[in-house]
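> Below are the chains, spelled out letter by letter.
Number of protein chains: 4
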Amino acid sequence: METIRIPATVKGKTYKAAWKQCVGTGRIGLALQKEYLEALEFVQEEIGFSYIRGHGLLSDDVGIYREDRLENEIKPFYNFTYVDRIFDSFLDLKIRPFVELGFMPKKLASGDQTLFYWQANTTPPKDYSKWAELIKAVVKHFISRYGLEEVRQWPFEVWNEPNLRGFWKDADMQEYFKLYKVTAHAIKEVDSGLKVGGPAICGGADHWLTAFLDFCHKEQVPVDFVTRHAYTSSRPVKFFPHLIYQDIYENDHMINELRTVREIIDNSPFSGLPFHITEFNTSWSPWNPIHDTVFNAAYLARILSEAPDYVDTLSYWTFSDVFEENDVPRSLFHGGFGLVALNNIPKPTFHLFSFFAKMGDEELYRDKNLLVTRRKDGSIALAAWNPVYFGPTAATAEPPVVPKPKELEILIPFPKEEAFLKKQTINEDYGNPLKTWMQMGRPRFPSKAMVETVRQAARPHFSTYRLQTGGDGNLRLRLSLGKNEVTLVEITEINDETGTYIGLDDRMIGY
Amino acid sequence: METIRIPATVKGKTYKAAWKQCVGTGRIGLALQKEYLEALEFVQEEIGFSYIRGHGLLSDDVGIYREDRLENEIKPFYNFTYVDRIFDSFLDLKIRPFVELGFMPKKLASGDQTLFYWQANTTPPKDYSKWAELIKAVVKHFISRYGLEEVRQWPFEVWNEPNLRGFWKDADMQEYFKLYKVTAHAIKEVDSGLKVGGPAICGGADHWLTAFLDFCHKEQVPVDFVTRHAYTSSRPVKFFPHLIYQDIYENDHMINELRTVREIIDNSPFSGLPFHITEFNTSWSPWNPIHDTVFNAAYLARILSEAPDYVDTLSYWTFSDVFEENDVPRSLFHGGFGLVALNNIPKPTFHLFSFFAKMGDEELYRDKNLLVTRRKDGSIALAAWNPVYFGPTAATAEPPVVPKPKELEILIPFPKEEAFLKKQTINEDYGNPLKTWMQMGRPRFPSKAMVETVRQAARPHFSTYRLQTGGDGNLRLRLSLGKNEVTLVEITEINDETGTYIGLDDRMIGY
Amino acid sequence: METIRIPATVKGKTYKAAWKQCVGTGRIGLALQKEYLEALEFVQEEIGFSYIRGHGLLSDDVGIYREDRLENEIKPFYNFTYVDRIFDSFLDLKIRPFVELGFMPKKLASGDQTLFYWQANTTPPKDYSKWAELIKAVVKHFISRYGLEEVRQWPFEVWNEPNLRGFWKDADMQEYFKLYKVTAHAIKEVDSGLKVGGPAICGGADHWLTAFLDFCHKEQVPVDFVTRHAYTSSRPVKFFPHLIYQDIYENDHMINELRTVREIIDNSPFSGLPFHITEFNTSWSPWNPIHDTVFNAAYLARILSEAPDYVDTLSYWTFSDVFEENDVPRSLFHGGFGLVALNNIPKPTFHLFSFFAKMGDEELYRDKNLLVTRRKDGSIALAAWNPVYFGPTAATAEPPVVPKPKELEILIPFPKEEAFLKKQTINEDYGNPLKTWMQMGRPRFPSKAMVETVRQAARPHFSTYRLQTGGDGNLRLRLSLGKNEVTLVEITEINDETGTYIGLDDRMIGY
Amino acid sequence: METIRIPATVKGKTYKAAWKQCVGTGRIGLALQKEYLEALEFVQEEIGFSYIRGHGLLSDDVGIYREDRLENEIKPFYNFTYVDRIFDSFLDLKIRPFVELGFMPKKLASGDQTLFYWQANTTPPKDYSKWAELIKAVVKHFISRYGLEEVRQWPFEVWNEPNLRGFWKDADMQEYFKLYKVTAHAIKEVDSGLKVGGPAICGGADHWLTAFLDFCHKEQVPVDFVTRHAYTSSRPVKFFPHLIYQDIYENDHMINELRTVREIIDNSPFSGLPFHITEFNTSWSPWNPIHDTVFNAAYLARILSEAPDYVDTLSYWTFSDVFEENDVPRSLFHGGFGLVALNNIPKPTFHLFSFFAKMGDEELYRDKNLLVTRRKDGSIALAAWNPVYFGPTAATAEPPVVPKPKELEILIPFPKEEAFLKKQTINEDYGNPLKTWMQMGRPRFPSKAMVETVRQAARPHFSTYRLQTGGDGNLRLRLSLGKNEVTLVEITEINDETGTYIGLDDRMIGY
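Protein chains in written order, with the working numbering: chain A, 67 to 577; chain B, 67 to 577; chain C, 67 to 577; chain D, 67 to 577.
Treat the hints with caution; some may be incorrect.
Copies of one chain are not kept apart here, so a pair can be met inside one copy or by any two copies together.
[To be verified] Derived pair list, reagent style DMTMM-like, types lysine to aspartate or glutamate, alpha-carbon separation capped at 25 Å:
hint: 1; residue 1: K424; residue 2: D495
hint: 2; residue 1: K304; residue 2: D318
hint: 3; residue 1: K100; residue 2: D154
hint: 4; residue 1: K482; residue 2: E104
hint: 5; residue 1: K254; residue 2: D375
hint: 6; residue 1: K173; residue 2: E559
hint: 7; residue 1: K489; residue 2: D280
hint: 8; residue 1: K160; residue 2: E104
hint: 9; residue 1: K173; residue 2: E137
hint: 10; residue 1: K442; residue 2: E104
hint: 11; residue 1: K160; residue 2: E112
hint: 12; residue 1: K100; residue 2: E111
hint: 13; residue 1: K235; residue 2: E559
hint: 14; residue 1: K77; residue 2: E429
hint: 15; residue 1: K254; residue 2: D313
hint: 16; residue 1: K549; residue 2: D495
hint: 17; residue 1: K244; residue 2: E133
hint: 18; residue 1: K172; residue 2: D393
hint: 19; residue 1: K247; residue 2: D378
hint: 20; residue 1: K261; residue 2: D443
hint: 21; residue 1: K172; residue 2: D127
hint: 22; residue 1: K514; residue 2: E112
What the hints contain is simulated information worked out from the structure, not anything from laboratory work.
Let's have the full structure, built from the sequences with the hints guiding it.
Here it is as structure tokens:
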């Protein structure tokens, strides 16, 4: 058993919840749906993200860009019926849009290349001046409806993953820079205080970053922030019709990646520019069952703990399984990205986020399995985790490794003789709705009663204790972390009123 | 370990949920309060009682009986403002009034004897004809507002515990019979299809029952049902300013009592008359901490299981701690009767009721720790419990007995190879909000955050399993019942769709 | 002024609310949306339709039919994720699906002809046996989820308007009969108690009805009901990019049409077969501003009053402007079919329906401007209307006709000396949100404050009176019906308690 | 017809909504009730008061002060169970307590004099040190639960109307000063930043104010604000068992009264001290039908318009008819003080307040029937009113005066060619639920359907217009103010999009 001594204070060390800045969503058009909005309300109540980012704002289902064929001309028409309804909903739920500008409206597209089940057109505009007019019309409408003060707080990100052929025709870097330049100037023309950035690339293509920043510098194109994505799934990939499996890198792999990018930015002409990871997760596939597992939570814990050293935003992709990139979901659990499964059932990773939302600002201790913080009211909040990885490669190993719990003893200085401790845990047995659903025979379209049972299974284990500080002024906390466990411990002061109950004798009721 | 073999079927044996027929409430006037109504809504959603019964319908705070002093006369005025609001609320929540007619409006009272903090006047009417007019006016108003068909379903019970001096001046039996006779005739005069009964006595005075039935028979007074109360607390009582402790009889004590009363009725001229226990609980005091314990639940389980053999109604006293007989509650937990504590926190006994609400109609097996039923859809629901009694007397015994878990093996015939099992448990560690509140230092007026923690502590333990039937066609279920545990097990058929997921390989995600 | 004497009773004459049986909806996939469901909840609370019918159940956005490409075969996959969510919502709102089976899933389609902005494929199946398998799978799933008893109450209608080339390739009658036959047999194979019908044609093609019934008779194909549509817009049509105008027939035109169809059915081998108008309205275009006017309500009143003589169902097309056939709506009002506009604002026709929902079962009097009924409790409900038509043709007439109010005097026998009268009215000035929106400058994407003002403008005029019956035992009711007015009058008995207020003197407060 | 020219701007003239600062409530204990809280939520949504003030915080039903009899002593016990629930509710509804400290807990009382149906004890404390301890305990608890920053914003007012014998034994001024001194010091002892004031007298006893301020000055007793009440009912009073009638002074009577008090304060050693009218209304009786009339609204309009010249707070007594001073209400309307009647029906005076809540900060014009303001966004909001008084005295005059509407022409400078005008009106025919209820026969305990009809009758008349500015740059607004009418007019700019609808021709739909 490892013994860890927490210091009473660490000067100047704060815990920054970069993961709370933003969360991803399925295509923006899905935000018209009731189940989507219920899931978002639930997520906002329990976690409370600041921004939301998704694809498809300019795609045809949201319906902003239209053209009217009049006698002598074709006139653009900008339709804000749906986007108003959607952004109103977001702001009502106290979440702001992190505006991704894309994809291409059919009528503006230079080609017919599409991506996804919902047919996102991913070609450059056929007319950049019409594109610029569209961008200006959209931004002006936002300002007119929500006010300039509000819209200046919305980052505008140009396109998504242009370094991939599927997302941007031929993954043409120069064409993207052109798009970026036109778009950035259009936005700043409306108001110079608006924020614009890019290049929204996926991992493995960081030469784009260098080139992008050089381009902006040389061409004097405005850039207020840099964006990139980060997934930790590696090759090879095993594909099935509605299912894929992948190996996952160790969790320090992503942390190292982020540090590298931070250095790229700081070595560029834009040193210190805000750096937003606008998508991250384990796998980049919405059909990888890993997203539904407790492992996903236990694995990402370290990233939530350490990545804020390098990034300003770390946006989990995505908050809900209301999502359609590959197709309409075919079963309750199906490997979707969501923190929340269909029918508004929280997955283990939801609890990871809700646990980390309890962390304090003052960081007292951190290692690869533990984060200890103090909150403003003096109470202690700590999270501990124990991922046990069995990816496709490991899976073939014989015999399977039977993991032992990780035993920790943590000594925490506390100024009072006693403390109240509240502990919440997810692991293979608790907060694991996937397991219960598997036991039920994986019903694809479960009845309401079945859904209710799965929902009950999604609750973390809960327990409370009363602890005494020892002679050394420390609370001695022992944790036995099971397979893929994430545990939240909150320690608060006791204001004991027991003595005011006259005649009290707990033996009388069996204690 | 005990092994119990459940038969596949037992001819004609049904489980009758007499405890679901009715629940008690604090004085009717409290039903104007928001917290009261929220608790009732919660109870109705999770348990769903048919009737609700409480004191004080005719007391001055509900305000039905008033008098106007005109020039030459004093005229009664019947004010239904509050009672309409209250009964509307009840019916909206799908619970009907079990109408207790009492206590005495001041203006009609023959004396000034009062009971309770809220000053219920417990003297006979000073003018029986005015009383009869009042009863008729009330009943007619009910019919006018809710319809005759509805009101014929409401039992009218005359007074409460007239065999106690506090509740009825001098506990005068003949005076009560007079009151009963006048009241019963007044009701039947309005409509002969209305139901009236009594004598609503507490335990230990069953000679009243014999006398009452004889009286009704001889005087030809209508009687549609017999009512009585039942508490299992024995003497001596330890009193403190806001706290009392009592010994509790073994739980078969109440069952024997009820059997005896059933025999009294069946040996009277009214053999077979419906018999309603209109109040039951362990202690009769709203300041006995036993009501907040897991023991209270584990102890009463057997009564819920067996009492329906003898009674038609078994009405738990009461559904909520919104209650004022002794005073306004002075702390979150205070020994109140409620299934639900203040702030709408379910106590262990709430879960006892919600578990029993899952039982099926077909009784397969019963002993003093176990009830096994089959539901209409073929699924199995069983409850098991293990009360470990430490009353005031036992409490002084040295050394304290350390209880061991009760180990059961239950063999349940099941027609399929596999079954899905859902188990919910309360015991000293789960579904025990009292324990967490004690650890917090028993905050009398807890903050919202504290209340939230106590609420989380009130959830039962939840787990699910997949079971195989053995060669003998039985599921083999092992239960280890901890101290004061109550466990609900539900066993349902599996319609396995696992084979439809092409490429599925759970080893890939670590299973 | 016209004087109308209402008889005290008319033997055997009942008013049948055929228009309450069913209501139309935009494509079924829209039922996932929050605004759609809020509008439906509102409509159900105020009007309460029994069934809902819309296109696109089998289209790709609902996503039921999919195919998986395995190594050696292509396997159909039936995905009920969305349809379950949708039908669950319907049943929660106490409205049942009137199931229209269509359009063609892409993977099953024999061609690529599509209709509507949302690209409904309107070609026959390329493989009728796969189609039959799909139908059976869908119906079986419904039964498994909702129970046979429930699904037997859902009519299954085969396709939509096959007599139009846009809706059915080449408007091929024989191909439709084939589709009908295969579908009907597939349904009855699952359960012979299920109900199936067709041919869902639009008006102006009633030879299809004769041919269809002959076909069913000769080929012994099951048919449980006949369906057809009815719109009253005539030619010519004036088209603009997002707007059309049409002349409208007099309102007896539709009534005559329905009588004719009823005769066709009764002269066929299926005399007496239920006849459902599964779509009706004035214009068949979702971009005709007539739908937003008070005229639309005043005009349709007579049809609601008289059409039930001939039809079993009269389904208004549609309940809400959440609708996408031509495109996403481009402004708050845009000529959509809905009873309810975007943002859940009731249009005048909504109030027509909510007024008629107050009619009693006993019809006392009817003419082309008036319907008088008695309700079960003896109260009188009457509706009066005064459409003043100015269609495109009339619009060009000079000078415009200034309509005078229609003055009515109605003598209604009433058994008491006094009556309470409640009157609700819509006309050009009240319940006319379109007018207020026009005054505001027709804001396409109005702010929340603007929407609130339009919503206030949507409320009917409300007034109440106390009437005395004259010496002849009649209430004398005078109505002055303004342009396009619809008025609901409800007359109820008074149980006067004024005399119980001692000292009352209304002069003291200025009366 | 009177013509009024509104100036384009008036330097430095602001309209101060002193009436929005606070509202009165029935005894604080009623705030546990559901109907009370629903009414308060409704009032807060539509009007939005800052503070709420009522009697009985320290009375026995709220239950704060208790005593425990121990072996050797009697110990005070402070029970915050109910007050926490109540104040939590207030703050959730965004309304703060204006804390009235009273009345006397029985156990602390020096006598048994009580007032009201609910038996408020109105005698001095029998032990001032125990009283001081109580005050400190209460204030400390508030700070501990809600924070010092919050509680510093709560005014603490000592007692209620001590100048009346009913409210304070013998109306003993010196005894009150003693109470005030002890209380003020107790509060400041807890925190000197807390605010305390008095003497909460009713009208007609302003020598108390002078004496009170002199006392505070001489004795150096803290005083942060002065409080007083103001009712406009005069003598004689006609009493009936549940009804009273009174004459009402002209509405400038109260305005003059308030000016006088302001001068008294400013001539005292505490010149400029905040002055709060902690109760105002027409009649001081909860059984005077005037409160239910449209007259009450039209009459008070001028006071809302002008009183803010002299007072900082003008607290309407009370927000709801959930009120019990004389007895439980005996009928839907009964002359209660409430802005909102039982069943949450808004009375005319509710609309007076909701109309005035729309006024802007910039006052452009004011006379005794009109207030014109400009809002921050440049829009105009004006209120006009026309009270026609028929009190008991006038009522006997023969023949009754038939009032003519008051005709106004108002010229309002407006910077655009057109404007959108929204008008809301209450008068004898609209927003007058009392009238409809009278027509129904004044049902004391109306059915739900009756309540719904009365609720519909409570809606103001609503209309909208489009106005052109004339050549002089003015909008010409004509108002015809009926008997007891209050009208709100809001005038906003139009951003006209009509021209963007291609092909639009309103003649085609009859316009």
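> Are the CA atoms of K160 and E112 at most 25 Å apart within a copy, between copies, both, or neither?
both (13 Å within a copy, 22 Å between copies)
> I want to check one pair: K549 and D495. Are their C-alpha atoms no more than 25 Å apart within a copy, between two copies, both, or neither?
both (9 Å within a copy, 23 Å between copies)
> Please sort K160 with E104 into within, between, both or neither, judging by C-alpha distance up to 25 Å.
Both ways: K160 and E104 sit 14 Å apart in one copy and 21 Å across, limit 25 Å.
> Using 25 Å as the alpha-carbon threshold, which applies to K254 and D313: within, between, both, or neither?
Result: close neither inside a copy nor across copies, 43 Å intra and 50 Å inter.
> Give the relationship of K235 and E559 under a CA distance limit of 25 Å: within one copy only, between copies only, both, or neither.
neither (59 Å within a copy, 47 Å between copies)
> Indicate which option fits the pair K244, E133 if close means a Cα-Cα distance not exceeding 25 Å: within, between, both or neither.
Within one copy only: 24 Å inside a chain, 40 Å across chains, cut-off 25 Å.
> With 25 Å as the alpha-carbon cut-off, assign the pair K172 and D127 to within, between, both or neither.
both (11 Å within a copy, 19 Å between copies)
> When no copy is named, should K304 and D318 be tagged within, between, both, or neither for a Cα gap of at most 25 Å?
within (24 Å within a copy, 63 Å between copies)
> At most 25 Å between C-alpha atoms: does K261 with D443 qualify within a copy, between copies, both, or neither?
This pair counts as neither: shortest intra-copy Cα distance 35 Å, inter-copy 27 Å.
> Evaluate K173 and E137 at a C-alpha cut-off of 25 Å and name the case that applies: within, between, both or neither.
within (18 Å within a copy, 38 Å between copies)
> Is it within a copy, between copies, both, or neither that the alpha carbon of K514 lies no farther than 25 Å from that of E112?
Both. Shortest intra-copy (23 Å) and inter-copy (16 Å) distances satisfy the 25 Å Cα cut-off.
> With identical chains treated as interchangeable, where does the CA-CA distance between K247 and D378 reach 25 Å or less: within a copy, between copies, both, or neither?
within (24 Å within a copy, 57 Å between copies)
In this structure, the earlier hints numbered 4, 5, 6, 7, 10, 13, 15 and 20 are contradicted, and the remaining ones agree with it.
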